[in-house]
Structures are given as structure tokens and as C-alpha cells.
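Participant: Listed below, chain by chain, are the residues.
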Amino acid sequence: MNNRSHTPFIRTVKISERSSKDTLKIRIAAFVLALAAGGIFMLLLGYNPFELYGTIISGAFRSKMAFQATVKFMIPLLMSSLGVAMAFKMRFWNIGAEGQIIVGAVCASYFALFHNNWPHFLLLIVMFAAGAIGGGLWGLIPAYFKSKYDTNETLFTLMLNYIALHIITYLRDGPWKDPDSSGFPKIARFAANAQIDKVFGVHFGWIIALILVIIVFIYLKYTKHGYEISVVGESKSTAKYAGMDVKRVILRTMILSGGICGITGMIQAAGSDMTLASSVAGGVGFTAIIVSWLAYLNPFGILLVSFLFSILDKGSSVMQSAYGLSTYFASVLQGIILFFILGCEFFIRYKFVLTKKGGK
Amino acid sequence: MKTNDYYAIELKGITKSFGKVIANEDINLEIKYGEILALLGENGSGKTTLMNILSGIYYADEGTIFIDGKEVSITNPHEAIDLGIGMIHQHFKLVEVFSSMDNIVLGTKGKYVKSSALKEEVLNMSNKFGLEIVPDKKIYDMSVSEKQTVEIMKVLYRGAKILILDEPTSVLTPQEIEKLFIILRKMKEQGNAIIIITHKLHEVLAISDRVAILRKGKVVDTVNTKESNEKQLTELMVGRPINLKISRPETKKRKTVLKVVDLSVANEDGTIGLNNINFKLKSGEILGVAGVAGSGQRELCETIAGLMDAKTGAVLYNKENIIGKTPDEIINLGISMSFVPEDRLGMGLVGSMDMVDNMLLKSYKKNKGAIIDKKPSRKLAEELIDKLSITTPGVETPVRMLSGGNVQKVLLGREIESEPNVLITAYPVRGLDINSSYIIYDLLNEQKKKNVAILFIGEDLDVLLELSDRIMVLCHGELMGIVDAKKTTKEEIGLMMAGRKMEGVDSDE
Chain L
105 MNNRSHTPFI RTVKISERSS KDTLKIRIAA FVLALAAGGI FMLLLGYNPF ELYGTIISGA
165 FRSKMAFQAT VKFMIPLLMS SLGVAMAFKM RFWNIGAEGQ IIVGAVCASY FALFHNNWPH
225 FLLLIVMFAA GAIGGGLWGL IPAYFKSKYD TNETLFTLML NYIALHIITY LRDGPWKDPD
285 SSGFPKIARF AANAQIDKVF GVHFGWIIAL ILVIIVFIYL KYTKHGYEIS VVGESKSTAK
345 YAGMDVKRVI LRTMILSGGI CGITGMIQAA GSDMTLASSV AGGVGFTAII VSWLAYLNPF
405 GILLVSFLFS ILDKGSSVMQ SAYGLSTYFA SVLQGIILFF ILGCEFFIRY KFVLTKKGGK
Chain Y
318 MKTNDYYAIE LKGITKSFGK VIANEDINLE IKYGEILALL GENGSGKTTL MNILSGIYYA
378 DEGTIFIDGK EVSITNPHEA IDLGIGMIHQ HFKLVEVFSS MDNIVLGTKG KYVKSSALKE
438 EVLNMSNKFG LEIVPDKKIY DMSVSEKQTV EIMKVLYRGA KILILDEPTS VLTPQEIEKL
498 FIILRKMKEQ GNAIIIITHK LHEVLAISDR VAILRKGKVV DTVNTKESNE KQLTELMVGR
558 PINLKISRPE TKKRKTVLKV VDLSVANEDG TIGLNNINFK LKSGEILGVA GVAGSGQREL
618 CETIAGLMDA KTGAVLYNKE NIIGKTPDEI INLGISMSFV PEDRLGMGLV GSMDMVDNML
678 LKSYKKNKGA IIDKKPSRKL AEELIDKLSI TTPGVETPVR MLSGGNVQKV LLGREIESEP
738 NVLITAYPVR GLDINSSYII YDLLNEQKKK NVAILFIGED LDVLLELSDR IMVLCHGELM
798 GIVDAKKTTK EEIGLMMAGR KMEGVDSDE
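Chains as they are written, first to last, in the working numbering: chain L, 105 to 464; chain Y, 318 to 826.
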């Protein structure tokens with residue numbers, strides 16, 4: 105017979121449930137370890153990690169202007185993260201925030217460019233609504249096909265991003281090309297009338313973003329709609345059993361998810377870029393996926409995480425000018441943090457044990 | 318006919334835990350060749366974990382395993398097979414489009430075997446053990462019991478001397494069970510060691526030589542079957558004396574509430590779900606539904622609840638056809654369905670949500686305005702915990718963290734609290750220990766006394782016979798007949814489950 109008596113030395117054992125306090129401890133530990141790992145990376149490049157981290161922090165906070173810039177980074181990230189979190193709560197993988205931001209910006213820009221003689225606030229309100237509707241409809245397309253034909257929403261939303269991007273290119277090179285740009289393809293700068301006003305030195309998008317945090321929180325947690333989203337996300341068959349109209353919930357939630365992203369686009373174009381540029385989304389829609397998951401889809405968590413990410417972004421741009429490090433360094437750090445936070449999930453669910461030999 | 322003096326298997330001090338839950342604790346057990354050992358225990362007592370350790374699926378935290386007197390370490394299923402241990406799982410692991418012969422050789426090492434030679438080998442083996450097997454028959458053409466035979470053949474072909482069968486009878490009709498037992502006895506005579514896992518007492522008494530009783534992960538006793546009886550085994554299993562009688566209260570003034578007429582339902586893949594079903598469900602009665610798994614029970618529940626479309630026919634609720642109504646409208650009519658699928662949470666409850674939120678599942682729409690007021694459902698959750706003695710850290714604990722019995726109490730409790738007129742309940746005691754099962758039966762009887770019409774889809778024929786007023790039997794989506802539970806026998810129902818139609822038998826007329 106066989107005499108193999110190799111015994112596994114270390115095994116993983118499932119943990120039934122950790123207390124939320126332990127879970128929090130593990131996550132904080134993961135964050136600290138991520139910073140340490142980032143520090144090692146800096147050391148390898150020949151820099152003092154403490155100095156570099158210090159620069160990042162001070163770069164984001166050292167002056168009023170620096171802080172305002174940090175907040176400006178944060179606004180689109182925060183808003184689009186809230187948008188995708190709504191869809192994710194329903195287990196609808198909306199990877200299309202980029203496209204929804206762009207379409208929202210395009211729709212709002214139409215009014216900014218061609219109706220800029222309207223009264224200022226009316227114009228802004230119309231632009232706001234146009235952004236929301238544009239983004240919402242762009243989000244509705246994959247939701248419709250999902251509920252009708254059960255198409256894969258991940259691919260669908262992703263592909264719509266590229267279509268949206270090319271819509272801007274088309275408008276820039278064709279119908280909306282700025283006649284005063286002497287042949288250079290760009291869209292005209294918005295008239296002052298179509299620009300978002302500043303409050304405390306930053307365009308008032310930040311107020312809208314903060315209001316949205318509260319609205320999304322209440323919507324998801326305390327309303328019938330939010331309840332339906334949770335149930336549909338957990339199990340569509342349970343939702344049907346409870347008498348919910350699953351298709352309607354999917355369509356409605358994606359209009360809202362896309363709508364919030366569309367508002368992001370409007371605010372970014374009219375508050376930050378002052379024109380419609382092809383970089384209006386600029387990858388924020390993808391970073392939003394990371395932010396919302398790191399925050400476990402909690403709106404206040406999203407506020408915190410997007411703030412931290414903005415510090416990293418703003419700080420890294422200072423680091424670039426001070427040390428000549430690429431701004432992509434921030435992306436590397438984000439990647440490391442994400443890796444550690446996702447990795448720590450394993451330790452929340454499992455632990456390692458050494459094998460004991462028994463047989464009394 | 319012992320092959321040697323050693324035990325086939327000897328377990329010493331086996332311990333295995335999952336997190337805080339200790340599934341097996343210091344288990345000592347031995348079995349000889351030429352012996353059938355029954356492993357008896359309630360759900361969650363650690364039977365399956367122990368057998369999974371033996372077949373290499375889990376690895377014990379502590380303890381040693383001896384096979385034929387030699388200490389072994391079983392780290393994966395392949396090693397178990399090499400050691401001559403074959404496990405027949407509750408759920409078959411067969412390739413549907415292959416013939417039984419192909420399934421038997423699938424995954425074995427060795428060179429290509431000529432199919433005629435193989436066929437002969439398979440036939441030889443099947444004669445030896447009295448297994449009825451048609452080598453060329455495809456799995457999809459087979460009945461459940463034929464598939465099980467193939468599974469048994471599969472492990473024998475791999476040279477297994479020690480067979481472990483996990484709840485092998487749960488999918489069989491009484492007649493098929495008898496056949497299986499004949500095969501097992503024959504294998505025992507050939508000198509094999511057989512372990513059979515079950516929680517059905519009469520089967521233990523019918524087939525085994527010895528019984529090991531597990532309770533809460535420990536072996537509480539090992540007894541010789543001949544010297545034992547049903548009562549003693551129950552007491553050992555549950556840990557205290559228990560009355561096994563289920564009451565069947567009489568009710569008066571029964572009137573038809575639900576009338577199903579010529580109902581046919583097609584599954585998504587076009588196969589027949591239900592074929593021309595006719596029956597009446599009356600207030601104040603429990604109508605039991607018997608049938609081997611997958612005979613149309615799920616389709617029946619879901620069609621009445623509005624989750625599946627009917628092809629033809631009607632379901633009349635107080636003379637109003639509810640076919641074509643949405644689940645929402647049907648809930649509002651007072652028809653409640655609680656279906657407990659194999660994974661228990663299934664579609665009645667949302668696992669990640671707490672009890673308060675789960676109470677809302679069917680009633681949240683009644684809130685006025687957009688915001689949900691959770692106070693009434695919190696109160697309801699607390700009442701249920703009290704009334705049904707649900708064990709939970711609190712109303713805010715996600716229900717998936719509760720034990721199976723408590724999950725089912727939450728589900729059934731909520732359905733009953735909605736004061737339905739028709740209660741459809743499928744497998745409400747699935748996976749429950751005896752005590753919890755009786756609480757559920759009492760709950761159902763209480764509803765019956767309140768004149769609720771109850772459709773009870775069950776698995777255990779003994780329970781169906783004691784609890785129901787009438788029993789209808791389904792087979793392949795067809796109604797075989799409806800019999801009076803007080804007058805029928807298990808054998809009669811068994812024959813109907815296997816497809817014999819009882820013409821004109823409807824105790825209702």
C-alpha cells in the first residue's frame with residue numbers, strides 16, 4: 105500500500121465571522137503595510153520615504169491654494185464614485201462611468217456653447233439637468249439590454265466609454281470646432297455666463313458633491329428603492345419572489361447611477377475645464393471603481409477614500425516638480441494600497457494554522 | 318471472510334473545526350471488513366465532515382487514520398481512492414451525455430481499453446454484486462436509482478474495498494431503497510466495509526450491523542443494531558427522550574380555497590414541468606405533496622406564486638384565476654409561499670440582511686412614502702424571536718449567520734405573521750434537527766386550526782403520512798393520484814412515486 109505520510113505544514117482555516125472591530129484593525133494594518141511597501145519602493149529608487157510622504161502631505165495642504173486644488177481633484181472622483189456605488193450595490197458592474205461622465209458633459213456643453221445668453225442661473229440649471237439626463241440615458245442603454253436580453257453589462261458599459269470618447273473627438277473636429285482657433289481642433293472656451301461660480305475659492309461643485317453624499321446615503325439605506333437595490337443585488341430570484349419588478353429596479357438604478365456620473369461631467373466641464381475637452385473624464389470613472397470598493401460602497405467611506413486619493417494625486421504632482429518623479433508614482437502607490445486592502449480580505453475570512461500531529 | 322485481522326478503518330482522536338465551530342471532536346471509530354456501519358446523527362452533527370476527512374476532501378486538525386492497520390495521511394481524494402476508499406456522494410457526479418461505461422472508466426489511470434473488453438469487465442462486476450447496469454445506456458436516460466448504481470460501480474471499478482454512502486436513500490422511492498439494500502448486503506458478503514450515513518432510523522435498523530451515533534461532533538455511543546431499537550437510537554441521537562408522534566388535529570367546515578385545473582407548465586429548457594394537474598386545496602387542511610426530488614414540486618410552488626408561467630390550465634383562488642397575475646398581486650391576495658431550497662436561504666430570505674430587513678421583504682411596499690419605517694418590522698422580529706425561540710445574537714445579525722433551524726423559523730414565522738389564506742411550504746424542515754422539526758410541525762398545525770389552506774411539500778414519507786390530511790403524489794410532473802393519509806400505506810405511495818397511476822383515487826370526491 106502506500107506509505108506517503110506527507111502532511112501539509114501550514115493550512116488555511118476558515119473563520120466563521122470576525123467582529124467588526126477586528127475587521128477594522130486588519131484593514132488599518134493593511135493600509136499601514138501598503139504605505140510601508142510604498143516606502144520600500146521609494147527606498148529602492150533612492151529616496152527617503154519619510155521625506156517623500158511628507159512632501160505628498162504638505163503638497164496637498166501647504167497653502168490655501170494647494171488645498172483648493174486638492175478639493176478640485178476630489179470633486180469628480182467623489183461624485184462618480186457615488187454614481188458607480190449605486191450600481192455596484194445592485195451587483196451591476198458599471199464600468200462605464202467614463203462614458204457617462206463624457207455624455208453628461210457633452211449634453212451640458214451644448215447649452216453652454218449655444219445658449220450662453222440665457223440668464224446665468226437658468227443656464228446652469230438647464231446644464232445640470234442636461235448632464236444628468238445625458239449620463240442617465242447613457243447608463244440606461246446597457247441596463248435595457250441587460251434586463252431585456254441579459255447581456256453582459258461589464259463589456260457593454262466598457263465599450264460605451266470608447267463610443268462616448270469618440271463623440272467628443274467628432275464634435276471637436278467637426279460641428280463644434282472653435283472657429284477662432286486658427287485651424288487647431290478644439291472646442292471654444294465657455295462664456296463666463298456658463299461657468300460655475302466659486303464658493304470659498306472652489307467652484308460650487310463641492311457643495312453638490314457633499315449633498316450627494318447625504319442623498320445617496322439616505323437613498324440606499326432608508327428608502328424603498330434602496331431596499332429594492334439591496335435585494336436585487338443579493339438575489340434576483342428573491343426579489344421576484346418578494347414581488348419586485350426586477351427589470352424596473354435595474355433600469356431605474358442605472359439611470360440614477362449614470363445620471364450622477366453625468367452631473368460629474370457637467371461640473372467638470374463648466375467648473376474646472378471651462379470647455380469640453382476629450383480629457384473631461386480623464387480616467388476618473390475607472391478610479392471611481394477602486395474608490396467605491398475600498399469604501400465598501402458606503403457613501404461616507406467614499407468621501408474619505410476619495411479625499412485620501414486626491415491628497416495622493418495632488419501631492420504627487422508637487423513631488424514631480426520637487427524631485428522630478430513621475431506623477432505616475434501616485435498610480436503606483438494607489439495600486440499598492442488597493443493590492444493590500446483587497447489582500448487583507450483573505451485574512452478577514454481565513455487564518456493560517458500550523459498542523460499538529462494528533463493520535464492520542 | 319476477513320482479509321486480515323486489522324480493522325479496515327480505525328480513526329483515533331479525529332478533531333476538525335471550522336472557525337469557532339467544532340465539527341468533529343476526538344472521534345474514535347473503527348470498522349471491519351464484511352461489516353455495515355451506520356453513521357447516525359442529526360444534521361450538523363458532523364457525519365459528513367468525518368466522511369469528507371476519510372475521502373480526502375478535508376484534512377483533520379488532529380488525530381490519526383489507520384487503514385488496514387497502517388497509519389496513513391489522506392490529503393486529497395486521489396490518495397483516498399488509492400487506499401481503497403470510495404465515496405458515493407449525495408449529489409451524483411456523472412457526465413450526463415456519457416454512457417454508464419464511459420462514466421465508470423472516466424478519470425482512471427491506465428491505457429486505452431477496448432470497449433468490448435471493458436463491457437465484459439463491467440458486466441462481470443455487476444453480476445458479482447448484483448448491480449443492474451446497462452453499459453451502453455446514457456446517463457440522461459437513467460432514473461435516479463440507475464444513476465446511483467453507476468456511482469457505486471464507479472468506486473468499485475477503482476478497486477474500493479471501503480464504501481462510504483452519504484444519505485443514499487434520500488432520492489429513492491421505498492422500493493428502490495430495498496433494491497439498494499440488497500446490493501449493499503451482497504457487497505458486505507464479498508468482504509467490503511460499508512459506511513452508510515443517514516438520519517432515518519428505520520433504515521439504520523434494516524441495513525446496518527453496528528450504529529455509531531454522533532451528536533454535536535462527538536461519537537456518543539456505538540451499539541450493535543440487533544440489540545437496539547428506534548427509541549434508544551433517537552434518545553442517543555437527540556440526547557433526551559422524545560415523543561415521535563406528530564399530531565393531526567381535526568378541523569371542520571372545510572371549503573375549497575384553491576382549485577387547480579388542467580395545469581401544464583413548461584420549464585425554461587422546454588421540458589415538461591407539470592403535465593395536466595388537477596386538484597383542490599381546502600381551508601383547514603394540510604395537503605401533502607410526495608414525489609422523488611424534481612418531480613414537479615418546484616414548478617407547482619412557483620406557478621401558484623406567480624413566478625412561473627403556465628402553458629395551459631388555471632389556478633382558481635376563490636373562483637378567480639390567478640394565472641397571469643404578478644407575484645405582487647398574488648401576495649396581496651393572501652397566498653404565501655415559503656420554499657426552502659437546498660441552500661436554505663434560497664429565495665425567501667436575503668442572507669446578508671438582518672432579521673429586521675428580512676421582515677420587510679414582502680411588506681415594505683405597504684409603507685407610505687419613499688422612506689421605510691423599520692420600527693414595526695423590528696417589533697415583529699423581536700416577537701418572532703420570543704415566540705419561536707429563535708437563537709440569535711440579536712435582530713441586527715445577518716440571517717446567514719444563524720443556524721439552519723433558526724433560518725427556517727425566521728422564514729416560516731414571517732410568512733405566518735402575514736396571516737395568509739393559503740400557505741405553500743416546501744421542505745420546511747429540510748436540514749433541521751428533530752426538535753426544530755417538531756416546532757415547525759406545530760406551527761403548521763396551528764395555522765391549519767386557523768383554517769389556513771396548507772400545501773406541504775415534503776421529503777420524508779413518514780412525516781407526510783402523519784401530518785397531512787391528504788397526500789398527492791407527483792411523478793415526472795404528472796399527478797399520480799391523491800390519497801387519504803390515514804388510509805394509505807407507505808408502499809402504495811412508493812409505487813405512485815415510481816409512476817403508477819391510481820385511477821379514480823381522489824379521497825376528496
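Derived from the structure by calculation, the hints contain no laboratory data. Watch out, some of these pointers could steer you wrong.
[Claimed, not checked] One-sided and incomplete, this derived list gives chain L residues near chain Y with beta-carbon spacing under 7 Å:
1. His270
2. Tyr326
3. Lys328
4. Tyr331
5. Glu338
[As the list claims (entries may be wrong)] Derived DSSO-like pairs (lysine-lysine); straight-line CA-CA distance at most 27 Å:
6. Y/Lys692 - L/Lys328
7. Y/Lys496 - Y/Lys410
8. Y/Lys337 - L/Lys455
9. L/Lys325 - Y/Lys410
10. Y/Lys683 - L/Lys193
11. L/Lys193 - Y/Lys807
12. L/Lys328 - Y/Lys642
13. Y/Lys766 - Y/Lys569
14. L/Lys340 - L/Lys193
15. Y/Lys349 - L/Lys328
16. L/Lys193 - L/Lys325
17. Y/Lys562 - L/Lys250
18. Y/Lys682 - L/Lys193
19. L/Lys252 - L/Lys176
20. Y/Lys562 - Y/Lys807
21. Y/Lys704 - Y/Lys683
22. Y/Lys691 - L/Lys351
23. L/Lys325 - Y/Lys337
24. L/Lys351 - Y/Lys533
25. Y/Lys503 - Y/Lys349
26. Y/Lys329 - L/Lys455
27. L/Lys340 - Y/Lys329
28. L/Lys340 - Y/Lys642
29. L/Lys325 - Y/Lys692
30. Y/Lys682 - L/Lys250
31. L/Lys455 - Y/Lys533
32. Y/Lys682 - L/Lys252
33. L/Lys328 - Y/Lys337
34. Y/Lys691 - L/Lys328
35. Y/Lys569 - L/Lys340
36. Y/Lys628 - L/Lys328
37. Y/Lys628 - L/Lys252
38. L/Lys340 - Y/Lys682
39. L/Lys302 - L/Lys290
40. Y/Lys642 - L/Lys325
Ideal Cβ placement from N, Cα and C applies to all residues, glycine included.
Participant: Please go over all the hints and tell whether each is borne out by the structure.
Facilitator: Hint by hint, here is what the structure shows:
With a cut of 7 Å, the hint placing L/His270 at the interface with chain Y is violated, because the nearest CB-to-CB distance is about 39 Å. The criterion of a C-beta within 7 Å of any C-beta in chain Y is met by L/Tyr326, whose closest approach is roughly 5 Å, and the hint holds. Residue-level restraint check for L/Lys328 holds (minimum Cβ-Cβ distance to chain Y is 6 Å; threshold 7 Å). Interface restraint check: L/Tyr331 against chain Y, minimum CB-CB distance 6 Å, threshold 7 Å, status holds.
With its C-beta approaching chain Y no nearer than about 5 Å, L/Glu338 sits inside the 7 Å limit, and its interface hint holds. Annotation: proposed proximity of Y/Lys692 to L/Lys328 holds, straight-line Cα distance about 15 Å (limit 27 Å). Taking the CA atoms of Y/Lys496 and Y/Lys410, the gap is near 21 Å; set against the 27 Å cutoff, the hint holds. Of the pairs offered as hints, the one joining Y/Lys337 and L/Lys455 holds, with about 12 Å between alpha carbons and a cut-off of 27 Å not exceeded.
Annotation: proposed proximity of L/Lys325 to Y/Lys410 is violated, straight-line Cα distance about 43 Å (limit 27 Å). A C-alpha spacing of about 23 Å is found between Y/Lys683 and L/Lys193, which places the hinted pair at or below 27 Å, so the restraint holds. For a cut-off of 27 Å, the pair hint linking L/Lys193 to Y/Lys807 is broken: about 49 Å separates their Cα positions. Under the criterion of a C-alpha separation no larger than 27 Å, the hint pairing L/Lys328 with Y/Lys642 is consistent with the structure, at around 22 Å.
For the hint linking Y/Lys766 to Y/Lys569, the alpha-carbon distance of about 9 Å falls within 27 Å, and the restraint holds. With a C-alpha separation of about 13 Å, the suggested pair L/Lys340 and L/Lys193 falls inside the 27 Å cut-off, and the hint holds. For the given pair, Y/Lys349 sits about 62 Å from L/Lys328 by alpha-carbon distance, which is inconsistent with the 27 Å threshold. For the given pair, L/Lys193 sits about 11 Å from L/Lys325 by alpha-carbon distance, which is consistent with the 27 Å threshold.
For the hint linking Y/Lys562 to L/Lys250, the alpha-carbon distance of about 52 Å lies beyond 27 Å, and the restraint is violated. Between Y/Lys682 and L/Lys193, the direct Cα distance comes to roughly 20 Å. Compliance with the 27 Å bound is thereby established for this hinted pair. Annotation: proposed proximity of L/Lys252 to L/Lys176 is violated, straight-line Cα distance about 39 Å (limit 27 Å). Distance hint between Y/Lys562 and Y/Lys807 is fulfilled; the C-alpha atoms sit about 17 Å from each other, no more than 27 Å.
Only pairs whose Cα atoms come within 27 Å are accepted, and Y/Lys704 paired with Y/Lys683 is accepted, the gap being roughly 24 Å. Taking the CA atoms of Y/Lys691 and L/Lys351, the gap is about 25 Å. The hint holds against a cut of 27 Å. Restraint check for L/Lys325 and Y/Lys337: the C-alpha separation of about 31 Å exceeds 27 Å, so the hint is violated. Annotation: proposed proximity of L/Lys351 to Y/Lys533 is violated, straight-line Cα distance about 45 Å (limit 27 Å).
Distance check on the hinted pair: Y/Lys503 and Y/Lys349 sit about 16 Å apart at the alpha-carbon level, within 27 Å; holds. For the given pair, Y/Lys329 sits about 26 Å from L/Lys455 by alpha-carbon distance, which is consistent with the 27 Å threshold. Pair hint L/Lys340 plus Y/Lys329 does not hold up; C-alpha atoms about 46 Å apart against a cutoff of 27 Å. For the hint linking L/Lys340 to Y/Lys642, the alpha-carbon distance of about 19 Å falls within 27 Å, and the restraint holds.
With a C-alpha separation of about 14 Å, the suggested pairing of L/Lys325 with Y/Lys692 holds against the 27 Å cut-off. Between the alpha carbons of Y/Lys682 and L/Lys250 the distance comes to roughly 25 Å, so the proposed pair stays at or under 27 Å and holds. Between L/Lys455 and Y/Lys533 the CA atoms are separated by roughly 24 Å; this keeps the pair inside 27 Å, and the hint holds. Taking the CA atoms of Y/Lys682 and L/Lys252, the gap is about 25 Å. The hint holds against a cut of 27 Å.
With a CA separation close to 36 Å, the supplied pair L/Lys328 and Y/Lys337 exceeds the 27 Å bound. About 11 Å separates the Cα atoms of Y/Lys691 and L/Lys328, which keeps this hinted pair within 27 Å; it holds. Taking the CA atoms of Y/Lys569 and L/Lys340, the gap is about 41 Å. The hint is violated against a cut of 27 Å. A C-alpha spacing of about 34 Å is found between Y/Lys628 and L/Lys328, which places the hinted pair above 27 Å, so the restraint is violated.
In summary, the hint linking Y/Lys628 to L/Lys252 is supported, as the alpha carbons are separated by about 21 Å, within the 27 Å threshold. With a C-alpha separation of about 17 Å, the suggested pair L/Lys340 and Y/Lys682 falls inside the 27 Å cut-off, and the hint holds. Note on L/Lys302 and L/Lys290: the hinted pairing holds, with a Cα-Cα distance of about 25 Å set against a maximum of 27 Å. In summary, the hint linking Y/Lys642 to L/Lys325 is not supported, as the alpha carbons are separated by about 30 Å, beyond the 27 Å threshold.
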